[in-house]
Amino acid sequence: MAALIQTIYSGLVLGAIYALMAVGLTLIFGALRVLNLAHGALMMMGAYVSWLTAEWIGLPAFLGLPVSFITMMLVGFAIYKLLIGPMIGKPNWETNTFIATSGLALALESFALLVFGPRNQAQPFAIAGNFQFLGVTISYQNLVIMAVAAVALILMERFLTQTRSGLAIRATAQLPDAAQLMGIRQDHVFLLVLGLSSGLAALSGVLLSSIFFIAPTFGFHPMLKSFIICIFGGLGNIRGTLYAAFIIGITEALVSLYLGVRFALPVMFGLIIVVLIFRPTGLFGQREVVRL
Amino acid sequence: MNSAPMATGLGRHWPWIAVLAFVAVPWITDDRYLLAMIILFFVWSLVVVQWNLVLGQAGIFSLVQFAIFNLGAYFTAIVGTHLQIPPAISLVPAGLFCALFGLLVGLPCLRLRGPYVALLTLATHSVVYLMIFADTSGFTGGGYGLYGFGDYGFRDMFGSFGQLVAYYYMALVLLIIGCLVAIWVMRSPLGLAFRALRDSEGYAGAIGISRYRYQLIVFTLTSFFIGVAGSFYGTYLGLVDATGFDFGTLMLLLAMIVVGGMGTRWGPILGCALLMVLSEFMRDYPQWRTMAVGGTVIVFLLLWPRGIADALARLFGRSTKKPASSAEANGTG
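Chains B and V are the protein sequences, given in the same order. According to this note's numbering, the first sequence is numbered sequentially starting from 10. According to this note's numbering, the second sequence is numbered sequentially starting from 778.
I should point out that these hints are in silico values taken from the structure, not numbers from a laboratory. Positions of the beta carbon are idealized from the N, C-alpha and C atoms, including for glycine. One or more of the hints may lead you astray.
As the list claims (entries may be wrong) - So the derived list for chain B, only partly shown, Cβ under 8 Å to chain V, looks like this: (1) F38; (2) L44; (3) F107; (4) I108; (5) F120; (6) L285; (7) P289.
One chain only, chain V, in its complex shape:
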């Protein structure tokens, strides 16, 4: 939103300037709607930043991450409803549960390549959705969803408006942690391993880099953060239901990553901001919204196939790192 054009003048410090700007927002405005929108932006940003590691860095074309996000929310809602465990305590366990789920999904899926991974993970998404939606025992709430499973107690501590601000800062902190982890993964031996695999799979394999093992690590790690994001989001809404698995939202998140720039550091967040702002513009014309967003995504992909982060970097004359191309990384041909 406010960060990209600053990239030239303020060099590499603009992420921290953006953070400071976001820290200041609740002091400047008391517009509840705006704050709620920014909270949503933080949550989606956290998800797409982590998902981007899977897609862009590890080169796994996985669609199951959105189901993992929902599972995080469901974990918190289910233990809150049936075991009376408050969401503040189940936040991290929700992430761990999702990491375990990610590991279990990754074990078979990551043995496959390219399009098979996409289809199998999409199938997994649908199975999770159908199993939750079709449940009539009341365990998952089925089509009605679960609500009233508790919250973090922000209302008692900070009052009605302070509650929103507290959620705002919590989301911001989660997003910052998520971004730092993402940057760490990109710079760590993990990131180097993926770069090696991308540049020459044969040589990388010859010096003992196992694609399967590294992909599994990233898959599990990102599942943890996506699960935490889901748990937070479910608690913030106070309601978890099966409409969360909406295919349109899944594609919207994926489009954020791709439009922003898959495999780039800040691209997914830029894409998230862009598509959310666009979606807000269309708020008064709900029947045209999906068409406008779908059309915009197509136009952006036609104009800037590497994403807007890459296009901006070129515009401002900064040297661009070659983004991870899933096509090359997967070697589907």
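Chain B on its own, in the form it takes in the complex:
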């Protein structure tokens, strides 16, 4: 029984990190209709930025998180201005942005490999120690992760529902043309979304690396999982994505406990294939009306 509770608890921690990652991905897809394959690489960069602030610049480790968020947000702006922005609306742009972002991901990963080397690094943004509660071992770092994720997600929710910029993002995601007619500058919205999404990727990168490690390619599998979560929750649907993140996190923990870690991904993929056969737009996705 204790093992089960422990597993569900670690599933919740994973779910919190996945939620941060997947919300960033789904935000981009919702507003821009772009699948950003560089998300995992941005995560990795975010983790390294946090590592750099503590190890190279020598700032206190807790500053790694905000510094990484802001740096990656700027990187996100640059990616929109230089890469995705010029492609949107051009012929084949849906495929081309997919290829271009994956090209960017590969380039960033090999850049990291060149600069930081293949060795795994420990994330300095971490607190050691743990305590026992109801027979479950809870580490302080996991509490930090949950707190950061909760605060970030709540702030995100407030931003999207209460500020003008947030409303502009949601309006653009719902009906791009109508939003533009209402005087919303699509270009600004897209820029903002890319920045926010990259910032969220950085946060999740720092948090995830604090319980594992930092390596040039460590973002790839979490990104795949985030894609699964996005499909599960319905691409572009933020609330659905949140639920899906926790469902997938707990499923992953349970499968790892009862079947073994190596079956975690295959079982998840199998699950998503079954879900998609019966609900082609995800568990929480709305049925898209096809107009002829």
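Using the hints provided, position chain V relative to the given structure of chain B.
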């Protein structure tokens, strides 16, 4: 490589001139490295020509084709290792196995649209990889791979260098068959059906064209040829292992198609040649290679979003057919 600029002078015969040039290469040079590179070029060209039918003609944004390629190699390696069936006999069955696999993947995937197809097929790719990599029973060789499962016996027939030449011609023949099939598909009722679906899905549906059925046919057919290509490649290397599923190679092949021109007849082969030559230039700087290729792909996509085949055709003033746009064909909006 040598074919595109000839397009104006020699009209529509340049594909055959290119074939003749490639037939002549082993007589001109005995550079093993060059021949090996061209064999690789043939294999990748065959894969991207078939994959292009799926992406550009049928408008399915599928990423599972690279896993199918590897499955073709694994089929040959597994029956060679465990049943002692030589690769020459398992070449066509490997294609059939892959066609069946393609059909099984296509049945659920093709019911979906646009980005969901891309993500689900990428997920399928990862499942196949993980199932093979994590296998510890020795059936797939797991992380060690399989080798010593036999070959076509070219070494006994033609000697050490003749073996390479034999592989070279076999790859060329496979590529020519693959291209002819691709052209046939584009001109056949299948191709016409996809053009109709692209131009107006409503009208096409009203006269009884089922997108699902036609997409499934193309998906299965191309899986066969991609599987054959994989089986050949595995036998040629003599080694099949899980690193074949490398995500970077998958994206490189996809980039060949898109940079060359998705949905165009010769674009993917041009893209394949371009990226392979570029990659060769960077051979002495391996640590910069991925960055250079990634950067080049991005620049090409920014400059020529329809691909270089389209850009060349415009440069030489030939009327260009409207390439299949997956965005329009999928209707994801």
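For this structure, which hints from the list above don't hold up?
none
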